[in-house]
Amino acid sequence: MSSYDSIYRRSLTDPAGFWGEAAAEIDWFKPWDKVVDDSRAPFYRWFVGGELNTCYNALDRHVAGGRAEQAALIYDSPVTETIQVLTFKEMLDLVSRFAGVLRRLGVNKGDRVIIYMPMVPQAVVAMLACARLGAIHSVVFGGFASHELSTRINDATPKVVVSASCGIEGSKVLPYKPLLDAALDMASHKVSACVILQRPQIQAPLTSGRDHDWDEQMAGATPVDCVPVAATDPLYILYTSGTTGQPKGIVRDNGSHTVATQWTMQHFYTIQPGETMWAASDVGWQVGHSYIAYGPMLHGATATLYEGKPVGTPDAGAFWRVISRHRIPVLFTAPTAFRAIKREDPDGQLVKQYDLSHFRALFLAGERSDPDTLQWAEKHLNVPVIDHWWQTETGWAIAGVPLGIERFPVKYGSTSKAMPGWNVQVLGADGQPVGTNQEGALVMKLPMAPGAFTTLWNAEQRCRDAYYEENPGYYTTGDSGYIDDEGYIFVMGRVDDVINVAGHRLSTGAMEEVLASHQDVAECAVIGVTDEMKGQLPLGFIVLKSGVERPHEEISKEVVAMVRERIGPVAAFKTALVVNRLPKTRSGKILRGTMHKIADSVEYKVPATIDDPTILTEIGAALKTVGYATKA
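Reminder that position 74 of the sequence shown reads as 74 in this note's numbering, one-by-one numbering, no gaps.
Hints listed in this document are in silico derivations from the structure and should not be mistaken for laboratory results. A few of these clues could be false.
[Stated by the list, open to error] Derived lysine to aspartate or glutamate pairs resembling EDC-like cross-links, with alpha carbons at most 16 Å apart:
1. LYS109 / ASP211
2. LYS309 / ASP611
3. LYS190 / GLU169
4. LYS411 / ASP485
5. LYS589 / ASP612
6. LYS30 / ASP233
[To be verified] Taking CB as the label site, the calculated pair distances span:
7. VAL606 / GLN461: 28 to 38 Å
8. HIS189 / TYR354: 47 to 57 Å
9. ASP315 / GLN461: 47 to 57 Å
10. THR207 / LYS352: 51 to 61 Å
11. ASN580 / TYR412: 40 to 50 Å
12. GLN201 / ASN154: 48 to 58 Å
13. GLY568 / THR13: 36 to 46 Å
14. GLN432 / ASP5: 39 to 49 Å
15. GLY568 / ASP14: 27 to 37 Å
16. ASN580 / ALA182: 25 to 35 Å
17. ARG360 / ASP315: 20 to 30 Å
18. GLU21 / PRO223: 50 to 60 Å
19. THR80 / ARG210: 20 to 30 Å
20. ASP14 / LYS109: 54 to 64 Å
Every residue gets a Cβ at the ideal spot worked out from N, C-alpha and C, and that includes glycine.
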């Protein structure tokens, strides 16, 4: 039995023993009475009776333990040409003083604070300061539209909002204060105070009596100590877009989050205390929470905060510069970032300009990693490239290759094997488990591993309905796929991305895999469009690599032929549109659902998370050329 096999098996047969040992690696003010409590299933609770403080585990204990002068956070901002390194001692000073600012403004244990910030160190400071007080933070991606921000203000009912005068998106300066002011005017809940970081690019006007200048507040702040909280108390709320238009507030607790996140640092990502990890995400997303704000510092490692893009700040070598400059051994990013890099630098010439001799692993998650992109990264970086599967709800990897335990072979198209604590199964349409290599709904048998969300904020029944009602005893992921006879998990897409063509259920993910393998294609998407005869037909969109000058019609014919050859005529795949870009969220997820609505001329709402709304107009124009989007 391999190391992975024995560890995974024990995590399922003896979860109390397994996670109890992991919990001993963090500091507790009061030990737990019970590792896992099933008395309120499906709402399982971990480390019941225990008391701790997440900020103490991220900062105080490391300062006391000899890491005071070690870097805790590296801020690298090509858009402002700034690099700043903050030690654990310096972070502790900033965080304890900003906790004093929040306390002076009336924030106490259990209160909520919304953080609407760009990628600057103060965003991480604010998150940790909330944790220090036992307050609950909710980070809203900087630059979100006012209406979306107002719905989150109404749901979380914060005492204080922490924001900045502006963010910087590539070469554009985006004023935040007008968006915040409009959101506060719209919201029925009224906050008592705002703290505004004034950035050099824009000085925002402050509202007398409500708004406070960050620097002025910090200058007179009194540091505060950590407040003990129950392991089961909420650490943060992270909103995801809900299908009803009402955002879903994912709640993460203090105890199990701290235990699981630290455990993954070494056992999954191979990071040792004192090393540097870079999660190229935003603090407004789950990856930014787990592996910028918390994971590295919990483990005594250094976190990287990058205010820039994979391309354009200044070029497609940006990632290699950061890795080389800060001697980063492990990068975690989205496949879409690598597709953008591959599109701009298909031969990997920019990779050769930097010293990456210390770089040892790349982890990809957020979208399906097409084999072509993964193999491109393997070829040019010459390190393991691990596609792993997780969700905002899970907080960390459901499946992957745990390089800190055992390196087993990668299978292209698979997110590899289930991680300890995650009992992944596949259910058929009748709700019963199916055999190996049979596609169905991917689910997790309860309880989920520590670090998973505990509920939805103020919406327990909605949580039951969304995740537990359909398959009692399981968490329903919303993803479809299959598990092969070696335990490898293949995530084929969202359940609603499976289309029905003349009675045949076909995976759009499988078709995308074929399109992505074409030598001229940088990235792609496949959606199902309504058809009177067959119910649905697949329609492809392809973005070409930089420098490709062949006729678009020729490339389209080739990818259509490839799908026919590899999936078969049953797919009825006949159209592939060449477009300049695909509509995506700021985290890199392709907005297939919105594209589907445009194609079918169904009324749609521009998603608040979209990176550039103008792309939707381009998609509509392309669809009109082939007879769709007649009302776009």
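Each hint, compared with the structure:
This hinted pair does not check out: LYS109 and ASP211 have alpha carbons roughly 22 Å apart, beyond 16 Å. Restraint check: the Cα-Cα separation between LYS309 and ASP611 comes to about 12 Å, which is no more than 16 Å; the hinted pair holds. Between the alpha carbons of LYS190 and GLU169 the distance comes to roughly 29 Å, so the proposed pair goes past 16 Å and is violated. Restraint check for LYS411 and ASP485: satisfied, since their Cα atoms lie roughly 13 Å apart, inside the 16 Å limit.
Among the hinted pairs, LYS589 with ASP612 is consistent with the structure: their alpha-carbon atoms are about 13 Å apart, no more than 16 Å. Straight-line distance between C-alpha atoms of LYS30 and ASP233 comes to about 14 Å, which keeps the hinted pair within the 16 Å bound. For the pair VAL606 and GLN461, the supplied restraint of 28 to 38 Å holds, since their beta-carbon distance comes to about 29 Å. Taken as a hint, the range 47 to 57 Å holds for the pair HIS189 and TYR354, whose Cβ atoms sit roughly 48 Å apart.
The given range of 47 to 57 Å is respected by ASP315 and GLN461, whose C-beta atoms sit roughly 50 Å from each other. The hinted range of 51 to 61 Å is satisfied by THR207 and LYS352, whose Cβ atoms lie roughly 52 Å apart. Taken as a hint, the range 40 to 50 Å is violated for the pair ASN580 and TYR412, whose Cβ atoms sit roughly 28 Å apart. Take GLN201 and ASN154: their Cβ atoms lie about 30 Å apart, and the range 48 to 58 Å is violated.
Checked against the hint of 36 to 46 Å, the pair GLY568 and THR13 passes, with Cβ atoms roughly 42 Å apart. Taking the beta carbon of each, GLN432 and ASP5 are about 26 Å apart, not inside 39 to 49 Å as hinted. A hinted range of 27 to 37 Å for the beta carbons of GLY568 and ASP14 is inconsistent with their spacing of about 46 Å. For ASN580 and ALA182, the Cβ-Cβ distance of about 31 Å falls inside the hinted range of 25 to 35 Å, so the restraint holds.
Roughly 24 Å separates the CB atoms of ARG360 and ASP315, a value that falls within the hinted 20 to 30 Å. One distance hint, 50 to 60 Å for the beta-carbon pair GLU21 and PRO223, is violated here, with the actual separation near 34 Å. Distance hint for THR80 and ARG210: a CB-CB separation of about 28 Å, consistent with the stated range 20 to 30 Å. Checked against the hint of 54 to 64 Å, the C-beta distance between ASP14 and LYS109 comes to roughly 34 Å, which is inconsistent with it.
Violated hints, in rising order: 1, 3, 11, 12, 14, 15, 18 and 20; the structure is consistent with all others.
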